[in-house]
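Asker: One-letter residues, chain by chain:
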Amino acid sequence: MTLETTSESDIATPSHPVPVRTEDGHPVRNAGLPLDLGMFEGHAVNRSAAERRAATLGTRRSVKKLHQAAWLVNAIRCIDLTTLAGDDTEGRVKRLCAKARNPLAGHIKEELGISDMPLTTGAVCVYPTMVAHAVRALEGSGVPVASVATGFPTGLMPLKLRLEEIKYAVDEGADEIDIVITREHVLRQDWQALYDEVAAMREACGDAHLKAILATGDLQTLRNVYGASMVAMQAGADFIKTSTGKEGVNATLPVSLVMLRALRDYGAATGYRIGFKPAGGMKAAKEALAWQILMKEELGRPWLSPDLFRFGASSMLGDIERQLEHHVTGRYAAAHRHAMS
Amino acid sequence: MTTIANILDTMEYGPAPEDASIVTDWLARHADGFGHFIDGSFTRPGETFEVMNPATGDVIARASQGTTEDVDAAVAAARKAQPKWAALSGHERARHLYALARHVQQHARFLAVLESLDNGKPIRESRDIDIPLVARHLYHHAGWAEIAKDEFPGTAPHGVCGQVIPWNFPLLMLAWKVAPALAAGNTVVLKPAEYTPLTALAFAGIVEECGLPKGVVNIVTGDGDTGGAIAGHKDIDKVAFTGSTEVGKLIRRQTAGSGKALTLELGGKSPFVVFADADLDAAVEGVVDAIWFNQGQVCCAGARILVAEAVADRFAGLLRARMETLRTGDPLDKCTDVGAIVHPVQLDRIKTLMERGVAEGAKLHQVAAPQGCFYPPTLATEVEPASVLATEEIFGPVATLTTFRTPEDAVALANNTRYGLAASIWSENVNLCLDVAAKVKAGVVWINCTNVLDAGAGFGGYRESGFGREGGREGMMAYLAHPKPRAKSGAKELPAPDAAPHAAGAESGIDRTAKLYVGGKQARPDSGYVYAVEGPKGPVGRAGLGNRKDIRNAVEAAAKAGGWGKATGHNRAQVLYYVGENLAARSAEFEQRLRSFGATEKAARAEVEASVRRCFWYAAQADKFDGAVHQTKPAHVTLAMHEPLGVVGIVAPTAHPLLGALSTVLPAIAMGNSVVLVPSQTHPLAATDLYQVLDTSDIPGGVVNIVTGPRDSLARTLAQHDEVAAMWYFGTADGCATVEADSAGNLKQTWVEDEAARDWSGGAGQGRGFLHRATQVKNIWVPYGE
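Respectively, the protein sequence lines represent chains A and B. Residues in the first sequence are numbered from 1 upward in steps of one, following UniProt numbering. Residues in the second sequence are numbered from 1 upward in steps of one, following UniProt numbering.
Think of the hints as simulated: they come from the structure by calculation, not from any bench. Please note: incorrect hints may appear among the correct ones.
[Said to hold, decoys possible] If we take Cβ atoms under 8 Å as the criterion, some of the chain B residues that face chain A in the derived model are:
#, residue
1, Ala5
2, Leu8
3, Gly14
4, Ala278
5, Thr325
6, Asp337
7, Cys449
8, Gly785
[Said to hold, decoys possible] Straight-line Cα separation of at most 30 Å, DSBU-like style, residue types lysine-lysine; simulated pairs:
#, chain 1, residue 1, chain 2, residue 2
9, A, Lys286, B, Lys633
10, A, Lys286, A, Lys65
11, A, Lys283, A, Lys64
12, B, Lys149, B, Lys484
13, A, Lys286, B, Lys334
14, A, Lys109, B, Lys334
15, B, Lys84, B, Lys214
16, A, Lys64, B, Lys334
17, B, Lys149, B, Lys80
18, A, Lys246, A, Lys283
19, B, Lys334, A, Lys283
20, B, Lys521, B, Lys439
21, B, Lys484, B, Lys234
22, B, Lys334, B, Lys351
23, B, Lys484, B, Lys214
24, B, Lys484, B, Lys624
25, B, Lys633, B, Lys149
26, B, Lys334, A, Lys65
[To be verified] Distance ranges between label pairs, derived from CB positions:
#, chain 1, residue 1, chain 2, residue 2, range
27, A, Ala284, B, Thr10, 22 to 30 Å
28, A, Ala268, B, Gln105, 41 to 49 Å
29, B, Asp623, A, Pro19, 53 to 61 Å
Every residue gets a Cβ at the ideal spot worked out from N, C-alpha and C, and that includes glycine.
The following block holds chain B by itself, in its conformation from the complex:
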């Protein structure tokens, strides 16, 4: 028998179990299984699947496998409820969200215990992190509901949102999805993960308790098929998914061409960079919070430790000593640091990856863990950049440790990944921290901290970590839309370019040869062909017949022009003003060109004048479209910075050969992107004339590249290119679908539209919306205090 005398000898903590009886009684009352929550009430359970407590292997509940009929019913309920919900005043919606926040707080312990039972995460985390963040998210968005009309003028909700969430933070991810959607006036159909549906079902009970209007929140449980039925449902307007990059790509392809809005929050392999002048003890605790938080099942986990060679041994020693005090075990024990892996399938996945890593030469340092669905906290060393442990998201309590020599080396290693979700940087040198924060490709950067989250700041990734943000102002933007311009009749296919010689048309004067424009130089098309550019009375010139190799060269040149994005907004503004100035000086020539395509004198003059004005408008924005400092936690500065995307592929509209090209290129380059432009296929010569203007206006080589030729085949090559970060396409409906589907390869951000929909000469042809498309938000967290 344990006595006080024994304990005084060992000074062990002893058991500190959280009492789960209220929750287990509730589960017992639902032993027959849970139905879905559709149109304000629970359905009778259908075909059910087992829900397991991973720590014990016990079946603790049964939930229904959502069928297509269930999804239909849920979507129909959401559709029916949406107009009324959107028509409520912001204040009325705010009251509903406020009630949800209050009730979540009132049931906080219930939800925390249920979450730990279902997911296996330690009660400390569900109690102190997950559930408080859920409440915070609901409060924050009660606020957005109240003021959305004032803060986001001219926008409207998407309508019905289909939301599919993962098992790592079940209720928190639900809150991240539901709160902004409801605040903006959308209704939702949400599917929780198959492994962890229980807190979503409990939340449905809270929705009932709060008296939310029927059909505003619908919860359908089930597996990936159910999720696919939601994402693919014809009556869903917006799809939001958090989960693996693999499934994210499937959803991108599935929704391509559907007109659905899409945000994806996907995987990561985030770097955790420790410089020699860091507080090493602090960084060690950072690793604990990064990778031994939630068993490492965290998309933004700092899984790749990069440490300066100068302090690597000391750091590794401190880290190994710290690992000894980690306690892995019963999630409901208040002394547990690392709980159970969510499911044996996930445990097997971790083990398989680790075996491959060891086979590749990795050395593992592990501490004790119980038998069962647990994996020991692990530090893997001797992991080379090509190792599976360095490239694959393990989604388990495994950190790799690699050394670097210089800050440049550190940045190169940090960015050596397909992903770009988060990064953590440790140094006491503010210059170094902010320099690396700027260079690292990640949507969230934590300086001297990690995994700090708040509803007031946006969360989301670069690259294959997805697109769209959750939280803060930028998160609300993902659930609101500017009314889409609609074409009276859809754009037509373009005739194939004719590359055979023609009888001369209306050409006069000295013959001019329009080439492609790549890397600041004129380039002959790789094909060696030109195609005829038609005027009203026959051909008026010839343009290069670009092909995939020309696109390859243009993208390569654009990727090398990264210095443009680092220039000040003022510098870019100067160049854009200069473009406007030089364009104005040649206005007669451009008018003449446009008239040769058949434009009237008046129309040609108006198009050139509008083009010059657009240069000035985007020059004006270049140093003004800046970010924000978010209100988040005490003693933190949270900077939301607008950053360029990188290389943007632009397929310009056919009409308005000059203005269409400039209206799309200018916002992109004003924000620091470099572009590969496919101008109007039928009338590319106004755009090729531009390269002389660009040359004389000090646009650095590679910032704007022009490839003329067959629009839709060039668009495909661009959409499939992994170096291209974003793709804007204005063409046919089929072209839109193809671009969206092809963009899944590297999850580039897309903007596709019927080219006939927008009035490029009017107000719809420019605006802040273009600038939002041209930027991504990086949130940098800087704690302070001395």
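Only chain A is shown next, with the shape it has when bound in the complex:
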């Protein structure tokens, strides 16, 4: 007797826990809410339980063979290919953009049967002064340019200058702005100040999407993470993002879990679908799978697309490419045989 397994699509799915507010068939951008402390104050987050859930996510699900290859390709679509270093130059940014346009070697794409598929990374992410280089290098590719701003990574600059920095990056052509919040506002639970700051930044962004970096490594407690997530969304963030990559602790699964639950709860209350971006420290293809499993388990298919999910990573792409080459050739790959970014 063979097992009759029910395919996932046959399972009667109830309406998604996060309803979607649309206009002309398109999801509506988060318009924010007035500050509402009731949506997060007193919200319990038990760290031990979050860690337990996070620890078993990757052991409860497994993607193998063809499916694994597809999931890795999907990860590429969701990568914000990033360079945020003091020695960034125009040349370095151009190289990065070339990789973003063509993240996978032609022979691998061919073997995977996706030669015809337009495949790029989700975006390129740079400092404001590098935006113009990136915009030029990506022209016609459809790859958006994201810029960090607001005194990245600590954000400890006068608000006026931080808003100016956003406007500068937008003027340079950035499509997305990764802002950092003032951690002090969270640590002092001055939610109004945090709300006002992010709302002002959102206004400064104009049509550019705002990704709010919470720097969760600095916030420490998961209750802080939940509260900061909720305030950022209420103030109009399009994405919430874990880390700058410069804190002592970068993206972790337990922190991400809590942010996703905040995002789910905000969406359930408002109908706005908010994106999520873990960033920092993610290097291995295996991690790309783990985070996607987290997204699928907690939020479902919609959050496996670049409009709602991004990885902030630079070196992960190289490992993914190596794994995909192994998938198509059956031989283990060496990094130096792949085009670097």
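Given chain A, put chain B in place with the hints provided.
Answerer: Then chain B, alone, in the frame of chain A:
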């Protein structure tokens, strides 16, 4: 054909099968059937039965039906091997257990795949939970083997252990049984469940591979008859059983009066209590780990969700959404959360119970499951406390959801069950969590977590969930015994009390009437009769002729005295010192009483002095016999707390009318129990004199109740009373057997002994052993981290 483009569209997981070929090849090599593992080698297969993979219905092996001859042979092998095994140094036994642990780890994947094939549990669980816990248990007990002599002085192994284990965690339950038994120096005859014998047989192969001495571990396969033959075997010294409460009671009756030690780990209907301030998402994941773990076939499963009304709708919504992502199906697929039900018989049982529940008004919320031996993850709502779904252990992936209003309401609902195995409590308020943990009747309490297990902590239940613990120090105690005192000749039957009037004996002074003592008040016996208390030269007084109604009243009074158990040890110590003080002040009177029964002056003085000393000894222990913090998992505090049992029925020895009563009552009340005492039938007046001492010593009413009269009929009423949690009986061999058999009704813990065996005046008359008898261990798991 599935292409990458298709998958990118759906983002499904796709199949992720575990390769089972090494295991199926092994099974193919044993296609002729497995024999038993007796005296170090496998027997030729006898009459065999089919072993099935429940996920596919395929017959994957044949195992032998163990006959009484097979059991005889296995017991004989174990008996022969035991003295030598016990005589090995702890270090040598530790090396053997260490080798078993190492080899289990080396064969971990083999065992995991085999377990999933045989039982139907998801490979994730057998791989990540069952088998690692097996290895951990063996390592932990390699340690106990090494140090048992130092840590448990004065104890010895029981001898040959007969062990019968269930099908839900086949190899893990084997490890829980075999590891402590071997560490303590016992040898074993173990029967795995009929549905799932294969990992035990593979383990037998590992025993061979490790070179364990022949006969130390014997595995006999078969059905319940084989299990009965083991439990009832005359040459088995200790029986350990994990399984249903129904079979546990049969074994209790079967072994009554045999002198066999017995531990039972039985069913449960554990509460899962969610307070309004809990992390609700965390609690939802808790439910997944509680009832959708191992298809809900878990004795400690949090099957009864009790949720605060204030958050019930939100919680139920989150839970239903979470259920949608559970994947039920092929146990060998690495993406499976819920596998196959162990056997079609069990599936039918689940379905029947669910039909009854629905007929009683329950509403079911279910998610998808494949055809075959699978049952969908289910949430049942509108389940009233009287519903079959709330009272019966379903042993399937079914949780019920009931709301409560207040913490008091939650505790009342949580304890509204015959069982008492485990409880899970969810709240961010540490005061509330620990308060409820203290009030809930369960051997294992998980705070903000569930089904967390470790060899370092004891596991086992209260009430009809059984007695004895597995794991940790308390688990080792179940496989070691203090040498039993033996009577030179067995205690005799007592003459029936004579309730007719008598010519006066040696009485003098103002006439005194001894009554019963119930709820802190003197009470006339319900019968309206008194019986003569004999002295050396005829009757010296009369005592009330108690009957079953007096026992009923006394138990009711004792049950109401629960506040005593919540008092501090210091408070109880103060009262016990006061008893000693008042007893000493009346020593002349008590000596006189004892002399009237025929004691010499010297003996009477010694008995009263020993009684006063015993008051002080147990007063001293009252605030010192405390629990432990176990070493278990990282970022967990695991508290092993000694708790009183509740109402303890005590039938005191006949000799030493005063000291015998106090030697048994004092340890019980020092630990916070309340007691119903049946004092020496022939000389009850020393005990009835005590009630004036108790009154003047601030013992709260109902903590000590005294019913005089015919010992063995009062003992039976006590043993049959469902409110009595434990029964200590010192009398005849027949009385011991009757008490043990009658205790099966609510599975009360028993301590029975020939009344002539123990020297009550000496060191054997008191000790920590008495305190262990007077307490049960509650393990409370508190994870931490911010």
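Asker: Hint by hint, say whether it matches the structure.
Answerer: Quick rundown of the hints versus the structure:
1. Here the hint on alanine 5/B is kept, as its CB sits about 6 Å from the closest CB of chain A, short of 8 Å.
2. The interface hint given for leucine 8/B holds, since its Cβ lies 5 Å from the closest Cβ of chain A, which is under the 8 Å cut-off.
3. For the restraint placing glycine 14/B at the interface with chain A, the shortest Cβ-Cβ distance is roughly 3 Å, inside the 8 Å limit, so the hint holds.
4. Nearest Cβ of chain A to the Cβ of alanine 278/B: about 6 Å, under the 8 Å cut. The hint holds.
5. Taken as an interface hint, threonine 325/B checks out: its beta carbon lies about 6 Å from the nearest beta carbon of chain A, inside 8 Å.
6. Restraint check, aspartate 337/B versus chain A: the minimum CB separation of about 6 Å is within 8 Å; hint holds.
7. Interface restraint check: cysteine 449/B against chain A, minimum CB-CB distance 7 Å, threshold 8 Å, status holds.
8. Interface hint at glycine 785/B: satisfied, since its Cβ lies 5 Å from the closest Cβ of chain A, which is below the 8 Å cut-off.
9. The suggested pairing of lysine 286/A with lysine 633/B holds, with an alpha-carbon distance near 27 Å, which does not exceed 30 Å.
10. Of the supplied pair hints, the one linking lysine 286/A and lysine 65/A holds, its CA atoms being roughly 13 Å apart against a limit of 30 Å.
11. In summary, the hint linking lysine 283/A to lysine 64/A is supported, as the alpha carbons are separated by about 19 Å, within the 30 Å threshold.
12. This hinted pair checks out: lysine 149/B and lysine 484/B have alpha carbons roughly 18 Å apart, not beyond 30 Å.
13. Under the criterion of a C-alpha separation no larger than 30 Å, the hint pairing lysine 286/A with lysine 334/B is consistent with the structure, at around 16 Å.
14. Note on lysine 109/A and lysine 334/B: the hinted pairing holds, with a Cα-Cα distance of about 28 Å set against a maximum of 30 Å.
15. For the proposed pair lysine 84/B and lysine 214/B, the alpha carbon gap of about 11 Å is at most 30 Å, so the pair holds.
16. Pair hint lysine 64/A plus lysine 334/B holds up; C-alpha atoms about 10 Å apart against a cutoff of 30 Å.
17. Among the hinted pairs, lysine 149/B with lysine 80/B is consistent with the structure: their alpha-carbon atoms are about 22 Å apart, no more than 30 Å.
18. Only pairs whose Cα atoms come within 30 Å are accepted, and lysine 246/A paired with lysine 283/A is accepted, the gap being roughly 15 Å.
19. For the hint pairing lysine 334/B with lysine 283/A, the CA-to-CA distance comes to about 24 Å; that is within 30 Å, so the pair holds.
20. Taken as a hint, the lysine 521/B and lysine 439/B pair is honoured in the structure, with Cα atoms around 28 Å apart against an allowance of 30 Å.
21. As the CA atoms of lysine 484/B and lysine 234/B are separated by approximately 18 Å, the hinted pair is consistent with the 30 Å bound.
22. Simply put, lysine 334/B and lysine 351/B have alpha-carbon atoms about 27 Å apart, close enough for the 30 Å limit, and the pair holds.
23. At most 30 Å may separate the alpha-carbon atoms for a hinted pair to count; lysine 484/B and lysine 214/B meet this at roughly 28 Å.
24. Under the criterion of a C-alpha separation no larger than 30 Å, the hint pairing lysine 484/B with lysine 624/B is consistent with the structure, at around 25 Å.
25. Under the criterion of a C-alpha separation no larger than 30 Å, the hint pairing lysine 633/B with lysine 149/B is consistent with the structure, at around 26 Å.
26. For the suggested pair lysine 334/B and lysine 65/A, the alpha carbons sit about 13 Å apart, so the restraint of at most 30 Å is met.
27. Checked against the hint of 22 to 30 Å, the C-beta distance between alanine 284/A and threonine 10/B comes to roughly 25 Å, which is consistent with it.
28. Between alanine 268/A and glutamine 105/B the beta carbon distance is about 45 Å. The supplied range of 41 to 49 Å therefore holds.
29. Restraint check, aspartate 623/B to proline 19/A: a C-beta distance of roughly 59 Å satisfies the suggested window 53 to 61 Å.
Hint violations for this structure: none, all hints satisfied.
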